[in-house]
Structures are given as C-alpha cells and as structure tokens.
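Colleague: One letter stands for each residue in the lines below.
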Amino acid sequence: MAKQIDLLQGTLDMLILKAVSLGPLHGYGVLLRIQQISGEQLEIQQGSLYPALYRLEHQGWIASEWGESDNKRKAKFYSLTAAGRRQLHSETEKWNRMASLIASILRTKSEQI
Amino acid sequence: MNLLTRFRSWLKWMVKRRRLESEMETEARFHLESYAADLVRKGLSQQQAMRRARIEFGGIESHKDAVREAVGVRWWGELGSDLRHGLRLLRKNPGFTAVAILTLALGVGANTAIFSIVNAVLLRSLPYRDPDRLVRIFFNEPGLGLRDVRFSKPELDDLLTRSGVFEDATPIFSGSENLTGVGQPERVEGVNTSFSYFSMLGVVPQLGRLFGPQDFMPGFAPEAVISDGLWRRAYGADPNVVGRTIRIDNDPLTIIGVLPRGFRHPGPTTTADAEVFGAGGFSGDPFPPPIRGNRVLVNGIGRLKPGLTLPQAQARLTAMAQELRHDFPTEYAPQAQWTIEIQPLQGTLVGSVRPMLLVLLGAVVLIVFIVSLNIANLLLARASGRQQEFAVRFALGASRARMVRQMVTESMLLSLIGGAAGIATAVGTLGFILRFVPSNVPRLNEVRIDWVVLAFALLISILTGLLFGLAPALHSAKDAFSSSIREGGRGSGYSTKTSRLRDFLIVSELAFAVILMVGAGLLVRTLRDLLQENPGFSPTQVVTANTWLGVANDPKTDPYLNTAGRAAFDREVLRRMKAIPGVELAAITSSIPITNSNPNSVGGLPIEALAIEDRPVESSRDLRAERIRISPDYFKVMQAMLVRGRTFTESDEDGKQPVAIIDESTARKYWPTRDALGRRVRFGEDPAKEWTTVVGIIKDIKNDGLDVDGIPHIYVSVFQDSNKQVSVVLRTSLPANLLQPQIRHAIQDIDPSLPVFNVVSMNDILDRSLASRRFSANLVGGFAGLAVFLASIGIYGLLAYMVGQRSREIGIRMALGARPGDILRMFLRKGVTLAVLGIGAGVVVSASTASLMASLLYGVRPHDLAVFLVVPLLLFAVAILASYLPAWRATKVNTIVALRES
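Those protein sequences? They're chains A and B, same order as listed.
If you read the first sequence in my numbering, its first letter stands for residue 20, the second for the next number, and so on.
If you read the second sequence in my numbering, its first letter stands for residue 54, the second for the next number, and so on.
With the rest of the complex left out, here is chain B (with noise of 0.2 Å):
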C-alpha cells in the first residue's frame, strides 16, 4: 500500500511536473517572506531581512533541486536536461551526427531487414497446428549411400499403425498440373496427399470442406480443394465456387472447399505456391498393387503423437525398421541397411538456406560492431576536447557517475536517433529488399517487421549505444579525475590511455573488416568459379520451353498413354519449332539442364535403379542413374561434345534396338577398367526388360546446376522411351520474350488443352541457378566493402586528429632540423603498426571461423590461400593510403605559425 501511495506521488511528479515546480517557489517565497517580515518586527530594514532570509534559505533553484531529490525525481530532471544538452551538442556537430546517424541507420537498418527474414524463415513456428509435432519422415539405404528413397503403401501403413509413433502420416506428391476449363491453358503446382492431410496440418477452409476420412477412396478422389489464390485468379473469388469443376491434368475434379489466405503447403520451394490439392488412397488406380516391393510413394510427412520426443519417436522407428528388415528378408537386401529417419519439419523446409541466412546475420551484425567502433572512435575525439568541460565541472563538485551517465545519456540518444532511423530504412526498403532475396528462401511471404523484430533492433541500438558510448564516457570520466584545469590551454588533452583506447578500437575495427572480407571474398570466389565453369554446353543462343502431357487418373482419356502418341507429338512439335523464323535447330528432351534441382519429385527425373551387363545381380542394386530423354538435335542445340561414337538418328525409334547415349562420368564410373561403347544396361528392376546398348559418349553436362556434383546421366531417344515432360530447347539468335507466343502458338495449335511455361533463355537459367550464391556474395561484399570503407575513415581519423594534436611537436621537431620525410615517417608508422595489428588478429579469427562457411561454398576451401593473400594486402594498403593523407600533411605544417599558436 504504501509503495502504491509512493508510486502515485510519483505519477503526479512526472504529470504535473510544471505546476508542482511553481508551487514549489510560491510556497518557497511565501516562506521567505513571511520570515523577512518576521525580521522586519525585530528591528532589521526590510533590507537586510530580505537578505537575512535568503541566506538562511539558501537559493530557490537549490531548495528546488533539494525537494526534487527528496521525492525521488531528481534523475527526471537530469536526464531532461542531459537530453537537451545532448541534443544542442548534437546540432552543434552537423558533420560527426550526420556520419553516425547515416552509418547507424544502414547498420541497424540492414540487421532489422536481415533478421526481419531470419525470423520468418527459421525462428518463428511453422503456421500450422501444433507444429513442434510435424515431422518429415525419410527412408533411407545407407548401405548404399541413399537418402530419401521412395516407399510402398504397406510400409505407409507400418508407420500409421505398427510402429505407435505417428498420428497421421502422407507422403506427398507434387508437380506440375495442366489446369484447363478456366481461360488459357495454365500449368499449376499441384500437391496430392492422403485424405488426412488438412486435419494433420489443422487447416480450416474459408470456403466449402476439406478432405477427411469420408472421401476415402483406393485411388484418386474425383475432388479438389484449390488455394485462396487461385480461387481468386481463375473464380474471381466467386463465392459459389464450390460444385464447380475444374480440369485438372484433363481430370474433371469438382471443387469440395477452399483454402485460407494464408495457408501454404510446406513442402520444398518450387517455382510456385502449390495451388491444388487432391487426394487419394494409393492402394487402387492408377498406382500399382499394394504389395511392399511397389515403391512409389515419395516426401514422407507426418504427426507424432502427442507427449512424444523425437528421439523417442527415433529410436522406435529405427527398432520398427530392423524387425522389417528381419520379417521381410526378402524384400530388404541386407547391404542396403533401409532404415527410416526422421526431422522436424521445420528443419528439413529450411534446410538449405539455413546457413545463407546465419552467414548474412553474422555480417550485418559485425558491421553494426564496426559502425559502433566507429563512432566511439569519433566519441573519444570529440571526448578528448570536452575535457576542459568535464574538468571544470569535476572541480565544482559533479560526480564521476553524474558525468558517466550524462555521456551515456548523450550517446543513448545518438544511438535511439540512429535505431529509430535504421527502423524506418528497414520498413521503407524491405519489400525492395525482398525482391533480391532469391525464391528457393521458403516462407518469405511471412516476412515482415513485427514485434519481436522491433524488439530486436532497439536492443541492436541500445547494445550499440552502450559499446560506443560506455568506454568513451568512462574514460574521460577516468581522465577528468587525473587531468585537471592546471593543464587547461587547448589541446593538451589526448593522455596516453585514451590513444591506446583509440588504438583499441581502430584496431579492432579493423579486424573485424577483414572478418567480413575474407567472407566475402570467399562467396565472390565461389561465385567467380561457377560462372566460369564450363556447363559441358554453350548456353548463349539458346531458349528453352516447357509443356507436360499431363497424368490423367483415367488412362482412357490419355492421347499421350503410349510411346507413339508422345512420339507424333514430339515429332509434330519439333517440325513447327523448326518453321518458326529465326530459330536455326530445335530440340527435345526432358530434363532442361540447370533446372532438374528435385529429382525424386513426380515431373522432375526420378533417380532409376539400373542394371548393367555381365554385373553380378548382388551389386545391380546400387547403381543408379538419371535417365533423360532427347531427340537426335538435342546435342547439337546445346553444342555439346560428342567424345566418340554417334548421337541418335530419326531411325532410333519404337521397335528398333534400344540406345543410350552417356556422358563421360558415366562411363568412367560403371566401365571403369573396359570401353563402355557397346555396352548395355538395363533401366529398372524388372528382369524381363530389353537391354539398351551404349552407342556414344558425351562431354559431361551439368544437368543438376552448376554446384552440384550430378549423378550418372544417361541419354536416350526420345522416339523410343519418353515421359510426360516435353521441353523445347531452340538454338535461335532471337530473345525468349519475342518466341514465347508463337512457341505458345504452335503447341496449342497441336493441343490446345497444353500449357506453355517458363519460355525462358538459357543463359537465365544459368543466372537464375546462382541467384542465392549472388545474392549473398553481393550483399556481404556490400557490407565488407562498407567495413574497409568505416575501417579507412578510422584509422583517417585517428591520424588527422593526432597530426592535429602534436602540430606544435612537430614545429619544434623541424625547427630542430627534422626533414619532412621523417615527420612523415613517424604518423606513417603509427598507420602501419595498427594496420598490421588489426588485419593479423583478423586473419587470425577468420582463418579459425571460416570453416563455419564451408557449406556455402563450392570449388573453393575456406581457407583459399588467395583469398587470405589478397584481403590483407587489399586492406594493408587502403590502411597505408588512409594514414599517407594525415602523415603527408603533417609535413605541411608550418613552423612558425604551429609555434607561435601555442
């Protein structure tokens, strides 16, 4: 209770703090008054009792101030007018409080906008209920170096009911659909799943009804459910959408429900927010039969029971595995080791661009440690010439904490000003931003500057605050006390403590901007490699295009079920491309090099086994390869090189003898010790299959992207085993902007119910391939760029200041007969030691750090002796050139005038 009553005097001080003030006088002059005229009636003139009283009162302003103590407020006050005096300071500076609020502003601004990403993508929970609790669940061989294999519908059903673990589970299968019936034929991402799928994320529809246990069906349901986007797209948001049918892969599907706004699927980052959603049983048409060894389901996801760990769930799930193992001999070859593993989901969305983002929060927060080094830096100059201030002030009677807090005070506002600049930079940018932050980041449609980002960037400014205002403030403190007003006189201020504490933070600035050069020297070198490396095709001149024949659940409706129908297609779309003016050669194949990122997807290539020739069957099962479809121009389109034997005619076509076309690698890997022309192969596990002979081999081409070792390719004519996926690469002078509508043309005039996407150039796709890598190389050369930049400014600074200082010194130096080169030598000195100082304890941390950023990069060690030659030398000499400036003018400075000043 009375803390309450002391908390609302309290209130009312800081409410009605004026009129409070005025009181105080009233009442302090009544006071005065009434004793004077006390006085008076004892015989002293009005006079002298005035003066009586004022003496034994003491001054109003003092009684005030004693008043304002007693009540706890005092601090308020002072802090008031420490703010006021901060802020005329301030104004007074226009140069120093420019150069510290602007470099404020980007640090803070770029660790808002940075972390503002880092806590969608990877801190804040999944949107979906109980998200701790959704698991992706993998199946792997790690005998034979697998990861994520492909399952069986009774080994879905092991999950769901044997091994106790798992609420729900679905694997997921997702791609490209051809959406026709509404407008232009259009290609979606579609996603189909068990009918558990909604209730396992815990999504309400905003329209309609989800799927549940009552649409059960064997195979596909004839149902969707579309997202909120396309709802509004392709419906206009019509809100009797529901009962409507919508074409799906020439599948009538009638719309059941709706999705929310915000919801999206949580599987990898395609190039499009999945957009319909089926569902089915996978036990029924069109997937095989049942039994374990039909293994065709892929991307595992599932909900733990409640009250479970993961480990737990682990170590249940890997003893489940083994008894299968044991029950099923045969159906699990033993060197396999098949086993299953699970993730957090979260984990396995994010996965890769974990460390993109970790490595760009380290950078932007070592360059707020460089900006706050900075202004402390200029702090402990301006310090140094307020010592006069603080010495006068010692003297009559402050106190060394009152003249702390007044400096932190001074540069909590600086950093505040800068912080809330910073803020606005971040919010007024981060949609500009967000723009260069390269797609295959997940969730960056919940980016955004919310509370816990707020929170985030006051505490990077008070933080900064507290390192550039703290050491400055209690070292001049410290100095008041040594130093007094005997020294007085202009200048004499800058005591040895201080310049080694300057020298501290010049060198530590200094340290830390190699840090982030030699970060981004390596991601640049990286970049600088996968640019120049040589993709095994010529990729100017050529644009590519894409069309998918579409799966139909119901094979009956399929024009393109069987090798012919999609080799007249083929044909047909090849004879067109070639007719279009402009375009030289025309090509097809199946696989778009670059783009293949998700081969275990329906849509990308699935990784087949494969069995070759006078092989022992035991090891048959090990051999994998990627088997890609191409008609006879296609290496001639991508200028590929043909090592030896022959590229595929018109004449290798259905009934013929099968051939393969494969690259280098290949050849080396599964003929290592024999000539692998003539050899042959076999692509599945079905031993009634025909054999395929090896007829050429060809330069490696980077079918995976740039940075990725790819598995073995191997060619075949696109006339005698075909898929779904037709891409046409054209070899053409022309843009791909010009060629889409009549690539769009011509395959619509073939089929009209065929969408024509990503008609793109091939160089983009190469460029697009190394959006992450450029984005984060660009974005930390940025920021060490800035760093060498804050770092020259410094070491600048420092020596300017010094030259400054010691003018008089230098005077009597070259009055005694010192030469300029001398005088010059001596601040070049002080440049090189702290140059040499700083960047070795930067090489030092970054040489023992850089292997935190391995994973970032390819082609390049992170301890690239290049890298850890050429950033010092860089820096060295930008330290050199920063300090001859300063020194050089010392030279300059004239004798007479410097000693006749003092």
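Here chain A stands alone, though its shape is the one from the complex (with noise of 0.2 Å):
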C-alpha cells in the first residue's frame, strides 16, 4: 500500500461534495469514490465520515433518500443539490485560488525578492 496522506484540515467537506457531484452515491460508498479518485493515497478517518455528511445535508448543501445499493441492500444516497453545486464550485475556485498562491510562495527564490 502506498503511503498514504492525511486529509488537510476543512477538505473532507469539498471532498464529499465534489465525490457526491459525479453522482449519488452513500456514505460507504463515497468512502471509496474519493479513495479511488486519489488512486488510494488519501486516507479518511471512518469515524469523521458521517459527521460531515450530516453536516453538509444540514446545511442544504446534499440531500440524501434511501434507495438500493449494488448488492440489493437499503442504503441512504447522497447527491448534490443546486445550492450544493454552487458551494462546490466557489469552494474549487478558493482552493484553486490558494493553491497557486502558496505553490508561487514556495517556488520564490531569493533574488525574485
């Protein structure tokens, strides 16, 4: 198994939203969307999972319903509401926005200065 990284403060809910945004999925099963979208490098405390779904669905910003998983088992489904998708998207943008700042810090080289 690769060695894994921990999950940066405050992503786990743009993570969730950005899983849930490919379509609706429950809770297990964005467990494992966003373990296979970070090619199983990202690892996610169980236990802070359903805290942040609860969370976000009190929010507004996922609604969830029950319906039938892969193997015929009940489970609750997850998907992005309208309200969602444009969190997920200003939230990209402040990501993005952050990223390339601090990546500009970091290659700064004393004479730029």
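Since the hints were made in silico from the structure, they are not lab data.
These numbers were taken from a predicted model, which means no experiment stands behind them.
Incorrect hints may appear among the rest.
Said to hold, decoys possible - Which residues of chain A face chain B? A few of them, derived with a C-beta cut under 7 Å, are: (1) G46; (2) Y69; (3) Y73; (4) K91; (5) K95.
As the list claims (entries may be wrong) - If you want the ones that stay clear, here's a sample from chain A, every Cβ over 10 Å from chain B, calculated: (6) M33; (7) L34; (8) K37; (9) S40; (10) Q55; (11) I56; (12) E59; (13) K93; (14) R104; (15) E110; (16) W114; (17) N115; (18) S123; (19) E130; (20) Q131.
All C-beta atoms, glycine included, are put in the ideal place defined by N, C-alpha and C.
The task is to assemble the complex, starting from two chains supplied on their own in separate frames and drawing on the hints.
Modeller: Below is the structure:
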C-alpha cells in the first residue's frame, strides 16, 4: 500500500461534495470514491465521514434518499443540491487560488525578492 | 435562506427524531457490513473482517453522538437524559422531593396569589378610555391644613374654561339612596355627576343610552342610568327596562340606560358599588345659586387634554388658582392659600392600600427567598453525597460545564414542578384568599390569574430554580475538580468550601426570617394596641341599624324636610325600639362610631366651619368640627363617660335654647385656657344664625376609627338639629341577626318607603374596621412563622448532617476522653455562631428598612424596642433548640461502632 497522506483540515467537506457531484452515492461509497480518485493515497477517518455528511445535509448542500445498493440492500444515497453545486464551485475556486498562491510563494527564490 | 434550511433541518430532527436515529443506525450497519465484505474479499475471515471494521468505524453509539453534535441537536438529547436522570433522583428521595415541592408550591403559590392582587389593584390600568389622562382634582387650603375642600359651580367652570387643561371635569356626589318601587325598599349606592361623566370615562351602555350634553338642565335630570347588577337583581335583566320609572329617594326617575357588566364607578370604595347614576347641572334647584362662595360640590375628577403632562397641567392650575385669589380677594382668605392639585386617578383610588399590598408582596418575595435558600441547602447536602459520582464522571472526561448543566437542569426541573404546583395552588385558592382580603381594597373584582400573573409566576420559579440550583452546582463541580476518587469512600466529601457556603445559606435564611418576623411583630403589635385601645364607649351588647330619610329633589314631596318632621319620626322610632323585647335602651345618632370614614361624602358628615364666641373673626375660618346629632340616651347606650355638665334631655328641642356637648379634646383644642362649659359656638358661616351653648363635656369617643386621630366633635340634640341620616343604637343582650326583622318591621311600620340596612353589632363594626390590619398582620405573621420553621429546619439539617459526617471524629474524641458535654458544646457552638450572625444581620437590615412600614403602623414606632428585642431572642431560642437536638445526638455516638465503621 502506498504511503497515505492525511487529509488537510477542512478539506473533507469539499471532497465529499466533489465525490457526490459525480453521481449519487451512499456513505461507504463516498469513502470508496474518494480513495479511488486519490489513487488510494488519501486516508479518510471513517469516524469523521458521517458527521460531515450530516452537517452538509443540515446546511442544505446535499440531499439524501433511501435506495438500493449494488448488492440489493437498503442504503442511504446522497446527491448534490443546487446550493451544493454553487458551494462546490466557490470552494474549488477558493482552493485553486489558495493553492497557486502558496505554490508561487514556495517557488520564490532569493533573487526574486 | 441558509438559516431557514438549517432551521427546517433542526425542526426535522426535533420532530422525527426517533426515525432519524434508527435510520442512522441502519446506515452505520450498512457501512460496517459493506466494509467487512470488502475486507473478506481481500482475504480476511468473516470474523476478523467484522472486528476490524468495528475498530476502524468506532462504536455505533459514539458515531450517533458525533452526528448529533454535527447537526447541533446533541444538547437536546442530553437535556432529555438529564431530565430523566433528575426525575429518577427525585423519585429516589421522596422525602427531599416532597419537602422541596411543598415549600416551593407554598412560596410560588403565595407569590402568585399576592401578585395577582397587586397586578389588578396597582399595576393594571383603570378600565376606562385613556386612563392615564384621568385625574382626581383636589381643592386645598394648605394654610389651614385642609385638603380636598368643597368647591363651587363657578370654580368648576374655571376648571373647564379658564384653566385650559381639562377636556372634562365633574364633581361626584356619592352616597346612600333609597330605592323604592321594586320589592323591599332597598338602600343603594348612588352617584350624581355632570352630564359629561360617562363620555369622560368612555363608557358604552349595554342597553339604552347614557347621559349627554343634550340632557342638560340646571338641577337634577329626572332620569337615571342603572348598573348591570341592579338591572339583573331588581328587574330580572328585563330587556325593556328602558323607559321604566325607578324611585330614588322618592323621586321618580326614568331609566334611560343600563351600564355594561364590568363597569365600576372610579370612586372610593364604599360598602357597595354604585348602582344608580344621576346627573345634574349644579346651578339650579336643589343647588344654591351658582355664586363663588356657595361651595357645595365635592370630589372632582377630570380628564386632561391630550398631550398634556401632569406637571404641565399642575403648573397651569397653580397659576390659575393664584390669579383667582388675586381677582376675588373677598372669596379667598389670604391665610387659607387656596389652591388646586391634581393626582392620577389610579393613584388616589388605591392610595391607602398601596403600602399594605407592597408590604405583603415584600413578605411573599422574602418567603420564596427563604424557600430557595432552604432547598439550596438540601441540595448542597445531597451534592456532597454525590461527590463521588461527579469525581468519577469527571475522570471519565465529562466537562465541568456539562456537569453544571446537568445539576442546573435537575434544579430547574424541581423548581418548575414546584412552580406548577404553586400556580395550581394559587388558582385553586385565589377565590378563598380573596374572601379574606378586606373589602376596602379597590378593584378586587378585577383580580384574576392572567398572562401577566402567569409570566410572573414562571419568572419566580425560574429565578428560584437558578438561585437554589446554581450555587450548589458550581460548587460541586469545582469540588469534583479538586477532590478526586482517591478520597473516595464514604462521606469525605464535605469540604471546607461547601461547609462555608452552607453556613452562608443558613445565615441568610435566618436574616430573612428576622426581617419577616420584625415586620410581622410590628403589624401584630399595632393590631393588638388597637384592639386594646379604649374607644371611649363600651361596644359589647350594642346593636346598630341604619336608615336614610332620602333627599328628594322635589322638596314638596319630602315629609322630613324640617326639624319638626324629623323629630316626630325620631321620637316614634325610639318609642318602637324600646318596645322591642330584650332592648334595654335605645338612642339615635347621625353617625355610628368607627363607620364614619368618608366625612366629605353626602350622607357622611361634612366637616363644618365653626365660629366661637369671643374669638377674633379672622381666625374663625380655620375652625372645623364634626357635628353629630344624638338623642338624649345616646351616651347611656354607648356607656360613654360624662366628665362635667349634663347630657341632653327630652326638652332640648326645637325652639328652646340650642345646646351642645363636646368631647375633652375639642374642649382642649378650642378653649385651652378656660372652662368650655357655658361657652357658645355657631355652626356654618352665616353670622345671623343662633349661638349654641356648651352644656356638657364627655370623654373622647373614637368616632372616625380606632386608628384615626379624629377632628373635633360637637354633639347636638337630634330634636333641635337633625339630618337625614338616622342610625339607631340599642343596648341589648340579643344578637343583631335576631333583632334585624323587628327593627326593620318597626321602622317600616312608620314609613314603608324607608330601607333598613347594616344591622350589626358594635363589636362587629370594631372588628371590621380592623379587617385590613388583621389581614396583613395575619398574613405576614403566618409567613414569619413559616420562615422561622424553615430556618430551624435549615439549622437542624446542617448540624445533623455534620454530626453524621464527623461521627468518626466524635468517636475518636470520645475514645481519647472527651466528655459528652464537650461534644455537645462543640456542635452547639456552631449553631450559636450561625444564629448570632444571621440574627445580627437580620436586625441590621430590619432596622434600616423598618421605616418603610411606617404608614401601616399606628401607635407603634417602626423601631419599636419590644419587637426588636423579642424577635431576636425568640429566633435565637428556636435556633438553639434546633441545634440542640443533633448536638445531643452526637453525644450518643457509639465510639466502637463509629470507629469500626470507618
């Protein structure tokens, strides 16, 4: 197993929104999807997943619905709401700006000052 | 919008909590099983996979808890479990629970009941249109020390036109009237006013119409408006009552309207509410010509123009009075300093009962304080017992805030249960309590438990809950910090800090008890002094009855217009009274002692101007006396003491030399340096009137009430000088209720149109006159007793607890040779220290606040030495007794058992 990276503080919500934006998922599915996209490099604390899901639902960014899983079992599926889509968009933009800013700071060499 | 979403989600959690919780569980299981299935696929055994999944996921309960916290509903669940825990604790300690809830119910119930009265009487606005603009108008002569003197029609007109501050103003004549023509002749309270009275108050009739400007006439209108009560009682709520004729004091009046049910005339509380309303112009017959000097109008009330403040209006009126004094120098003697004063109507209506109600409110608030201190004490004792529980929970990671919250929840639960019980008590007993409230408290019919009262009760409950819950809660939580499980074991939880807090609670409880007892002591002493006061006559075996000869608007119909007609009636009444078997003596008076509380009203006794022979005329206007008309045997019936001279005889009659008898204080006041016998006085301001000669002096009679230092009284013979008020006093050993039919029969035999009312014994009159004082003395006294009881429970409980906690120490001391006396002294010393501190603090506070009660006292100073000596001693004795019992038990501690137990 490749060495795993701990999740940055506050990014779990954003990752959940992204995962769900690709199609409705149940809780365990969200976990698998994030791990899969990250190439198994991200470790998500299973205990923190559900509070985050419920919090997002509480804020109205995702909605939940009971449905049937692949193995024919009853499961709760989460999907992105319109408000959630807007939120994901603005979070992504903020993240990108922040990332490029920090990257440019880190690239800075002494002669550039 | 976001907020709305959250709120909706929160609401969903509140409402569908059970379903959401089970869904959470289903979801968690699905997760666990899916994960385990994946692990099995990776090669683990079913059992290993399940185990690993559980470890990584964590417990389902803690998972649910984390979710709840994320959504912000965790506290709700905790509240639920705290409440359940609290209820369980209450059930587990039935003794504690019963004491706490009972005392709370009493405290909150007393507060609710008293506050509902205060709310109706003092706080709620008068039930009239724009009540804030209604004022009572007083004409005063401060130079002569007179307030609320009569005024004349021109002066009333000045108020309306010249002052520019009144929208309306009217004098109010209220008093007894004879109602005839419907069944038994009945005596009713009548009110006569200007035609604008009802529009000034903003009243709408339930039937017919009310008086208005179109009815104007100089004298009295031949019409009447009746109250809802009279309409129902006398006319069976007949919808066709309008247009019928009612006879009031023999005048036929046409009923033009019926007042709405809740209407009450805003006047001083008399024996009954006003039921017949008449109106007049005050400028024609029977009124004297409307000139400035003819001052016959009384009790002005008015409505201020909108937008005018009271001080502005007052300033304008003061200025106008000054102008008038300047414009009419002959009408206003300069030394009288005649002036006009206005007061909010509400204030003047409740004036005299305000201090009483405030003192009662103060008493119930003190009681609820003591109750909560007492419960705080019990809770602290319990909290010390729960120390270990808290220490364990603290060690397991409970936060201090969480523990404080739990304890506060528990005490709030207790206080709300107690509060609900208190409100129920108040609702259930209010009617009963109101029966004991003296009837001179106005607006009692408006007393009810409304939202304001309920809000007050809730507030009191919450405050007491916080008071008795927070201190012990903070304390135990703090203790849980410092102490630890290591101390563990039994009963080591009583730390110095907790002990100091409990001491403080006991000391405050004692101090509050002292304040209540001092208040009660002062009130009881006033009452006792009044009961022992010599009224100047012997009230036992005296029965009184009243009739009223009526003041007809048309003099031609009045058989009692002149003295001769009235004297004939009086003689006939006396003859028939003496003929009643069991009546030893009978006499007539125009004023039964003690009942005469409203000297300005018609039917009561006007305070009259008086001239004294050989006195300079300038000073004659400051002489005032109350003239009481009596028949010869009056002093014999009342067993009053003649000091010098003679009493009246049958021959002191019309046409003979007018004679008078005065009491000792009148003699002292008006003839301080010479013998009053043989001196002459003249009533009224008319210099042509005959002089009246003083022929006798009697010992003072308390005519205006036991607690009133009356104005001078002058007695005249009813055969020479009488009025329409005829009261009989009988010396008899028969009770009033037995005599009533015979008295009624005798009087109505002479004149069937006369009502006979208030047939009561003189003792009952004395008794009733003290009803208000007795009520407050009993109530405050009862509360004081309760306070002492609670405080002694507090001391007893504290010491008993200490003895229990320190039984091992006692055992060791005794084993080392301490004698029982030493042990006894050790605990007694504690009790004495607390008692001295608490009582001392209470005495200091009482001494500095007692003067607030001055207006409720009579003949007793607020710093009455006896009260301030007896109360501390009594409470000290109780405190010692309460500490002696546990201390004595300490000496009985069995050394062996105590040592073995630990």
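Colleague: Confirm or reject each hint.
Modeller: Verification of the supplied hints:
1. G46: holds (5 Å)
2. Y69: holds (5 Å)
3. Y73: Constraint on A/Y73 satisfied, holds at 5 Å.
4. K91: Where the cut-off is 7 Å and the nearest Cβ of chain B is about 12 Å from A/K91, the hint is violated.
5. K95: holds (5 Å)
6. M33: holds (16 Å)
7. L34: holds (16 Å)
8. K37: Label holds. Min Cβ-Cβ 19 Å, cutoff 10 Å.
9. S40: holds (19 Å)
10. Q55: The assertion about A/Q55 holds, with a minimum of 12 Å to chain B.
11. I56: With a cut-off of 10 Å, A/I56 remains clear of chain B, as the shortest Cβ separation is near 17 Å.
12. E59: holds (13 Å)
13. K93: Non-interface label fails for A/K93: nearest chain B Cβ at 7 Å, not farther than 10 Å.
14. R104: holds (15 Å)
15. E110: holds (15 Å)
16. W114: holds (21 Å)
17. N115: For A/N115, whose nearest Cβ neighbour in chain B is about 24 Å away, the distance exceeds 10 Å, so it holds.
18. S123: holds (33 Å)
19. E130: A/E130 clear of chain B: closest Cβ-Cβ about 48 Å, beyond 10 Å.
20. Q131: Check passes; 42 Å lies beyond 10 Å.
The earlier numbered hints that this structure contradicts are 4 and 13.
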